[in-house]
Amino acid sequence: MMALHKYLIMNTLCYPILSIVIFLPLAGAILLLFMRGERSIKMTALITSAINFPLSLIIYSGFDIGTEKFQFGEFAPWIPAYNINYVLGIDGITIFLILLTTLLAPLCILCSWTAIERRVKEFMFCILIMETAMIGVFCALDFILFYVFWEAMLIPMYLLIAIWGGPNKDYASIKFFIYTLFGSVFLLVAIIAVYLTTGTFSIPDAMFRDYGFSFQLWVFLAFAIAFAIKVPMFPFHTWLPAAHTEAPTAGSVFLASVLLKMGTYGFLRFCLPITPKASVFFGPYMIALSVIGIIYGGFVCLSQTDMKKLIAYSSVAHMGFATLGIFSFTVFGWEGALLQMLNHGVTTGALFLCVGIVYERTHSREIYDNAGLGKIMPAYVGFFGLFSISSFAFPGTNNFVGELYVLIGIFSQSKLAGFFSIVGALLAAAYMLRLLKQIVWGREDKREIADMKAREVIYLLPLALFVVWMGLFPRPFVQVIEKTLMNLHSQMNIFLR
Amino acid sequence: MILPELSTLIFSIVFLFLSLGKKKDSAALLAKPLSIIILGISLAGILANGELFSGAYRIDLFSQIFKAVIAYGFCLVIFMLDRQNEIEEAYFPEYIMFLGFSALGLMMLVSSVELISIVIALEVSSYSLYVIIPLRKGQTTVQIEASVKYLFFGAISTGIMLFGMSYIYGIAKSTFLSDILKVLPGVMNQPIGVFALILTLTGFFFKLSLFPMHFWAPDIYEGASNTTTTFIATVPKIGAAALLIRMTMLASASGAQLVNILIVLAAVSMTLGNLVGLVQKDIKRLLAYSGIAHAGYLLMGVLALSKDGYAAAIYYITIYLFMNLACFYVLVLLSKDGKNVVLDDLVGLSRRAPLLAFTLAVGAFSLAGIPPTGGFTGKLFLFMSAFREGHLAIVIIGAVNTAISIFYYLNLVRMSYSKEVESADPIQLTFNEKALCYIFIFLVLYMGIVPFGLLDIFRLAV
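Top line first, the protein sequences correspond to chains A and B.
Each residue of the first sequence is one higher than the last, beginning at 1 in the working numbering.
Each residue of the second sequence is one higher than the last, beginning at 498 in the working numbering.
These are computed hints drawn from the structure, not numbers from a lab.
A couple of the hints might just be wrong.
[As the list claims (entries may be wrong)] Reference excerpt, derived from the structure (chain B facing chain A, CB under 8 angstroms, subset only):
(1) K646
(2) L831
(3) F949
[Claimed, not checked] The calculated lysine-lysine pairs, modelled on DSS-like cross-linking and capped at a C-alpha distance of 25 angstroms, are:
(4) B:K931 - B:K529
(5) B:K916 - A:K175
(6) A:K175 - B:K646
(7) A:K437 - A:K453
(8) A:K483 - A:K375
(9) B:K634 - B:K804
(10) A:K415 - A:K375
(11) B:K646 - B:K634
(12) B:K931 - A:K121
(13) A:K437 - A:K375
(14) A:K121 - B:K916
(15) A:K309 - B:K679
(16) B:K916 - B:K634
(17) A:K453 - A:K375
(18) B:K670 - B:K833
Since the model is a prediction, treat every value here as computed from it, not as a measurement.
Glycine included, C-beta positions come from ideal geometry on N, C-alpha and C.
With these hints in hand, go ahead and build the complete structure from the sequences.
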């Protein structure tokens with residue numbers, strides 16, 4: 001308990017805000033079990049998740065940007081026999097990821113309002129459980145707590161794909177599950193190894209210790225497999241297109257926007273501070289894989305005819321930028337990586353929502369079937385255009401800021417990697433513009449397709465605002481994450497010397 | 498002091514008389530309250546302490562905990578008999594009687610600290626099972642084949658065990674574990690010590706269906722009736738785990754040779770179980786191979802030869818009881834006319850009976866070891882205790898196995914959730930059945946999320 005205060009500022013509010021934000025959706029989910037009537041179920045789920053977002057804004061408003069310690073800390077013993085505790089806390093790395101999650105959850109519920117026709121109760125139940133687990137992953141400062149949340153996410157996600165997914169859901173869901181579980185098992189072994197060396201399951205306690213080099217190598221590899229699968233980095237990405245394509249819209253959004261971030265979050269939170277030497281040792285390989293991912297993802301995107309698949313592969317490329325930033329080992333790179341994670345969450349999430357909107361009308365994800373919407377759905381095309389140009393990092397949109405930071409970071413380390421990632425960024429423009437052109441002008445014939453409803457505008461609007469805000473005025477975001485990353489950098493340098 | 502055993506004995510005798518009488522239908526009604534009484538008595542007697550029969554029979558926290566768990570498992574199995582339609586009405590009281598005797602034998606087993614009484618207790622529990630395996634309606638020869646196999650394998654393993662015990666007696670010149678403990682660690686680095694202990698343990702390996710004594714499991718699971726399998730797959734394993742822990746305690750710190758052998762057995766057992774499990778179609782066979790794999794996991798706690806490891810093993814066998822019962826219960830309810838359930842029968846289960854599908858999912862995820870279920874927590878403790886003693890290899894093998902096994906456990910869930918059917922006639926569940934399902938779900942999740950109370954008790958016991 002005493003050691004905690006070195007790195008954890010306890011919560012000074014009179015209520016455990018992090019626990020509330022984590023477990024409110026769970027409470028809502030349990031409440032759902034006793035309810036009947038589709039409408040009331042949907043409303044309950046929506047209200048629960050909608051309350052959660054302002055609650056998480058309380059965290060944001062109370063967040064102290066002047067400290068590198070974890071904030072809003074909570075502590076309770078859990079399994080004393082093994083020194084496993086219930087420790088929560090957030091820092092600059094996690095604050096926006098939590099906000100992103102709480103923002104997306106109500107949007108996901110809104111976008112499933114009519115798209116999900118059967119087993120609504122179970123669907124909303126899964127969504128809310130997912131929210132609890134995702135926020136929990138970002139808040140947990142205890143390895144076992146982290147692992148429990150990390151794995152607990154798998155089951156509802158699996159069910160989301162397996163029950164409400166597309167025609168090929170069976171294959172996609174099982175591949176997703178087995179791939180991810182395979183990675184997590186090694187994560188567990190690494191966690192136990194760290195525990196037996198340090199005698200603690202506390203994540204901050206395990207950071208920046210003088211582990212032996214070979215120990216670091218093995219632990220890094222075990223961590224890296226788990227996180228690389230989650231990101232996903234080339235060549236572990238094959239589960240992603242399948243899962244993304246088959247999942248219902250809400251599932252795709254959660255997958256793309258939050259689940260993928262957990263991989264990069266893991267790299268930042270575990271690999272760099274716990275195994276700094278091994279991270280630097282494997283750095284070039286990770287950079288190489290990231291660059292391959294960026295270029296490979298770009299080329300594969302060029303040949304896709306399925307909108308969801310295209311966006312899924314573009315995720316591989318975008319997340320490549322995030323890992324590239326992380327393994328540039330510069331503050332700029334890390335800031336870029338974090339922004340990229342956030343931006344990708346918003347932009348790709350929004351693109352999946354867009355696909356969902358058009359899918360509800362045409363029941364097809366093929367680009368050709370949905371082409372030429374420019375005159376039929378002007379409002380829709382407006383949103384779609386904004387998110388597309390944001391996706392290939394058009395200046396003035398959010399992704400530009402993130403990629404710029406990453407490129408600055410990587411160019412200071414390796415010109416070659418920088419050059420190739422520029423090529424990747426160009427490819428992004430090529431495939432996104434191709435998609436955009438098809439959707440807007442692709443076909444001449446007139447069809448009867450209704451434009452967006454108010455509900456759909458409501459859930460795209462916040463994301464669109466974010467795209468522009470972040471693109472034009474990124475300073476407030478950078479400011480919040482800066483201190484944590486500077487601290488990480490200086491600590492790492494001490495240990496690398 | 499021996500109230501749990503006495504009450505189980507009385508339970509069995511009551512059904513002995515019932516089986517002599519004419520009124521057979523009252524059996525099921527009577528069994529439930531009586532089994533609850535047994536459970537209550539076992540829980541009440543958990544702090545009892547003492548020795549009987551000049552030290553051959555010890556009652557301590559260790560044995561009382563195991564008795565309570567056995568009583569709990571027994572009680573749950575009795576409650577699961579509700580919808581049984583596999584056993585002839587006429588034999589039903591006898592069936593319950595033999596279940597009772599088997600539980601009695603196991604309760605005696607966990608208290609025995611002397612070789613002869615161990616053998617006797619083990620045989621009491623086994624003989625009852627030999628009798629009830631063929632009790633199955635409507636099948637032709639499978640159940641007979643199963644029972645003969647079980648009998649022969651049981652006899653052989655008992656023979657090997659007795660052979661090992663004769664070595665132990667030869668070394669220690671006593672049949673009391675307390676005397677053996679003084680002598681055996683001294684010879685544990687010699688072949689005779691290792692051989693004696695391994696051969697003796699074989700009897701319990703058989704009950705646990707651990708490699709190389711696993712051959713019986715799939716056939717007997719398949720051949721015996723669903724309810725019988727439920728019992729065989731869960732309750733006797735608790736007794737065997739208890740004795741496995743008791744016997745390996747004899748080796749204490751000087752058991753490096755023994756540990757190496759156990760590591761190999763554990764590794765082969767879990768790998769074999771999981772790999773063969775991948776291709777099973779009959780769910781009972783699948784769970785049999787899963788049981789073989791789990792015996793391997795369990796051994797990880799035992800081979801740590803540490804307090805933590807033993808506590809982890811007890812924790813694991815307890816959660817294994819609950820999650821396995823949960824899976825089997827779904828099978829019992831699903832089975833039409835007492836037939837075996839194959840994977841394809843699960844299709845559309847989440848439509849036909851959402852609660853059953855959920856119970857099965859919780860059980861399967863727990864068997865696979867996914868948080869927040871108890872299976873994960875138990876496995877975590879096992880991994881940690883083995884890792885702490887430096888057995889890195891077995892931990893990694895265990896981890897890889899977890900990843901392999903997920904496929905067939907997930908298959909259970911996949912079949913019931915993601916496969917669609919056109920005609921889905923719902924399965925009606927009675928209040929009792931629903932309640933039992935909720936109890937299983939609760940227990941599995943409880944042991945996953947709130948492990949501290951139980952774990953502390955288990956650590957006190959070893």
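Check your understanding: Which hints from the list above does the structure break, by number from lowest to highest?
Key -> 1, 2, 6, 8, 9, 10, 15, 16, 18
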